[in-house]
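A.B. asks: Sequence:
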Amino acid sequence: VGRYIEAVERAGLADNTIFIVTSDHGDMQMEHRQTFKMTPYDASVSVPMVIYDPRRKRTPPVVVDNPTQLIDLFPTVLELAGISRSLWPSNVVEGRSLLPLLESGDSARDHWANRTFDRTFVVSQFHGMNIAMSWFLIVKKLPQTNSTYKLVQYGTGKEVLPQLFE
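Note that the working numbering has the sequence shown beginning at -6, numbered continuously upward.
Rather than coming from a laboratory, the hints here were simulated on the basis of the structure. In this text, a Cβ means the ideal position worked out from N, Cα and C, and glycines have one as well. One or more of the hints may lead you astray.
What the hints assert, rightly or not - Computed beta-carbon distance windows for the label pairs:
no.	residue 1	residue 2	range
1	Arg78	Glu(-1)	22 to 28 angstroms
2	Ser79	Arg3	20 to 26 angstroms
3	Val86	Ile(-2)	27 to 33 angstroms
4	Pro82	Gly(-5)	22 to 28 angstroms
5	Ser77	Lys50	19 to 25 angstroms
6	Leu80	Ser39	28 to 34 angstroms
7	Ala0	Arg78	28 to 34 angstroms
8	Val(-6)	Glu96	22 to 28 angstroms
9	Thr15	Ser77	31 to 37 angstroms
10	Arg78	Gly(-5)	33 to 39 angstroms
11	Ala0	Ser77	28 to 34 angstroms
Kindly generate the complete structure, drawing on both the sequences and the hints.
C.D. replies: This is the structure:
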């Protein structure tokens, strides 16, 4: 990452470049005596992500612990690039811009509730090679536990209502 940033700086583009670094969640590496990506443990579903926009320097940096998804990157990049929401392809943008959280952090969670960024849970689903390996989970931050635990609900996937699009 450092060499990439240095190359962008040498090219004179650092002040006009948004850096987004994330990773694949990898597999369990025998954590909880499990392998691969077939469980809802944090080692499998949590990934690091760093977003740095030189135009929005903050001291100290904002740490966001709210549930997010990779589909949130596209609307975040659109908003950081200054592209008006009216120009977004609304029929294909399912994610939500993370910019409100990047600007205010988790401390502003209640302020954004039911407004711009009201996601308190993330839904994920996995269908394994057999029915015994299939799972459906809802990960929800539990503020009363100081984010030490998360709620994982197993099910069939039928709990989520069908989504309707124009």
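A.B. asks: Please go over all the hints and tell whether each is borne out by the structure.
C.D. replies: The hints, checked one at a time:
1. Arg78 <-> Glu(-1): 22 to 28 angstroms: Because 34 angstroms falls outside the window, the suggested range is violated.
2. Ser79 <-> Arg3: 20 to 26 angstroms: violated (37 angstroms)
3. Val86 <-> Ile(-2): 27 to 33 angstroms: At roughly 28 angstroms between Cβ atoms, Ile(-2) and Val86 fall inside 27 to 33 angstroms, so the hint holds.
4. Pro82 <-> Gly(-5): 22 to 28 angstroms: violated (35 angstroms)
5. Ser77 <-> Lys50: 19 to 25 angstroms: holds (24 angstroms)
6. Leu80 <-> Ser39: 28 to 34 angstroms: The hint (28 to 34 angstroms, Cβ to Cβ) holds, given that Leu80 and Ser39 are roughly 33 angstroms apart.
7. Ala0 <-> Arg78: 28 to 34 angstroms: Roughly 32 angstroms apart at Cβ, these two residues keep to the hinted range, so it holds.
8. Val(-6) <-> Glu96: 22 to 28 angstroms: At 23 angstroms between Cβs, range holds.
9. Thr15 <-> Ser77: 31 to 37 angstroms: Taking Cβ atoms as reference, Thr15 and Ser77 lie about 26 angstroms apart, which means the hint is violated.
10. Arg78 <-> Gly(-5): 33 to 39 angstroms: Given a distance of about 34 angstroms, which is inside 33 to 39 angstroms, the answer is holds.
11. Ala0 <-> Ser77: 28 to 34 angstroms: Once the Cβ atoms are compared, 31 angstroms apart, the range 28 to 34 angstroms for Ser77 and Ala0 holds.
The structure shown violates the earlier hints numbered 1, 2, 4 and 9.
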